[in-house]
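**Q** Each chain, written out:
There are 2 protein chains.
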Amino acid sequence: MASSILFQPIGLIHTPFAEPIGMPIQPSGAVGVKGTVEVFETYEKGLKDLDGFSHIILLYHFHCYHEYSLEVKPYLDNTSHGLFATRAPKRPNPIGLSIVQLDLVEGNILHISNVDVVDGTPLLDIKPYVPDFDYWENARCGWLEKKSKNVTSQKSDLRL
Amino acid sequence: MASSILFQPIGLIHTPFAEPIGMPIQPSGAVGVKGTVEVFETYEKGLKDLDGFSHIILLYHFHCYHEYSLEVKPYLDNTSHGLFATRAPKRPNPIGLSIVQLDLVEGNILHISNVDVVDGTPLLDIKPYVPDFDYWENARCGWLEKKSKNVTSQKSDLRL
Chain A
1 MASSILFQPI GLIHTPFAEP IGMPIQPSGA VGVKGTVEVF ETYEKGLKDL
51 DGFSHIILLY HFHCYHEYSL EVKPYLDNTS HGLFATRAPK RPNPIGLSIV
101 QLDLVEGNIL HISNVDVVDG TPLLDIKPYV PDFDYWENAR CGWLEKKSKN
151 VTSQKSDLRL
Chain B
161 MASSILFQPI GLIHTPFAEP IGMPIQPSGA VGVKGTVEVF ETYEKGLKDL
211 DGFSHIILLY HFHCYHEYSL EVKPYLDNTS HGLFATRAPK RPNPIGLSIV
261 QLDLVEGNIL HISNVDVVDG TPLLDIKPYV PDFDYWENAR CGWLEKKSKN
311 VTSQKSDLRL
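If you read the sequences in order, they're chains A and B.
So for the first sequence, my numbering puts the first residue at 1; every next one is plus one.
So for the second sequence, my numbering puts the first residue at 161; every next one is plus one.
These are calculated hints, taken from the structure and not from any lab test.
Warning: the hint list may mix true and false statements.
Distance condition first, Cα-Cα at most 30 Å in a straight line; then the derived DSBU-like pairs of lysine-lysine [what the hints assert, rightly or not]:
| id | chain 1 | residue 1 | chain 2 | residue 2 |
| --- | --- | --- | --- | --- |
| 1 | B | K307 | A | K48 |
| 2 | A | K48 | B | K306 |
| 3 | A | K90 | A | K48 |
| 4 | A | K155 | B | K205 |
| 5 | A | K45 | B | K315 |
| 6 | A | K146 | B | K205 |
| 7 | B | K233 | A | K48 |
| 8 | B | K250 | A | K149 |
| 9 | B | K194 | B | K205 |
| 10 | B | K208 | A | K146 |
| 11 | A | K48 | B | K250 |
| 12 | B | K208 | A | K90 |
| 13 | B | K306 | A | K45 |
Not the full set, but computed from the structure, chain B residues with beta-carbon under 8 Å of chain A [as the list claims (entries may be wrong)]:
| id | residue |
| --- | --- |
| 14 | A178 |
| 15 | F213 |
| 16 | L219 |
| 17 | Y235 |
| 18 | C301 |
Covered stretches of chain A (in silico footprint by chain B; criterion: 3 or more residues with CB under 8 Å from a CB of chain B, positions within the stretch not fixed) [to be verified]:
| id | region |
| --- | --- |
| 19 | 79-87 |
| 20 | 132-139 |
| 21 | 144-158 |
Quantities reported herein were computed from a predicted structural model and do not represent experimental measurements.
Beta carbons are placed, not taken as given, at the ideal position from N, Cα and C, and that holds for glycine.
Turn these sequences into a full structure, and let the hints guide you.
**A** Right, here's the structure in full:
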């Protein structure tokens, strides 16, 4: 069995959401919501040329959430599903993933739009979003098939 | 400054690639390559309903890679770029992200296609891939704009 892995935040995500309650549950439910990513200065050199990308993938630590259940009733459904078939934040390894719009890079600060994370969230990684790598046409979406569009009206609470 | 975060693998990814040398560098460069995800039995219940999704997001530990540079010359270019503007595996927090095709779920084993990771890679998380959450049309791709399609002919070595 593989051993533990230790990560260190490389920055912090700043958003208008002081707590998870009432927060949008996906970037597509947070269109227009502005925030910033503060990349710690040690890592600033790694941001070179990021400004050529309109969208970036943020990986971060769901730091407000502890414990988890392997079956959850997600925000967008009344039926319970396996945790890994949902995007619920309470997970064995609570790593969040959001693809946000990159508006401007100013030194070590990234100005972003469509932010669905809590203020002060520890940043783990930034990757450029590349549809040729990250988009698969006609993907089948199981229980979310007819429900994923409701993401615009659904906000989070502390349930998940 | 935020403190360290400890993660524990929830499974292992099995692939035909014993080492990074000669491996495809993205799922889109690995179309048809088969592998399996062994989710440790403790977590099997969390896989319920995952079989409704044709594609899944795997987050994993780039365990073959240590150290990193903040500027790298990626496989797909002859110019160096900021690390965070690339998908290079050597990163401050070496978390890999691949969106692969889910062919079949058998108990705690996921049969997958389009695999671009090394055999024995520790799995950190599985999320359902949902274009309504994860796809942004007309995304601008900076230095990768004309180069991302070359991913089908490019293989990895130990450089990055």
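**Q** Hint by hint, where does the structure go against what was stated? Just the numbers, ascending.
**A** 3, 8, 14 and 17
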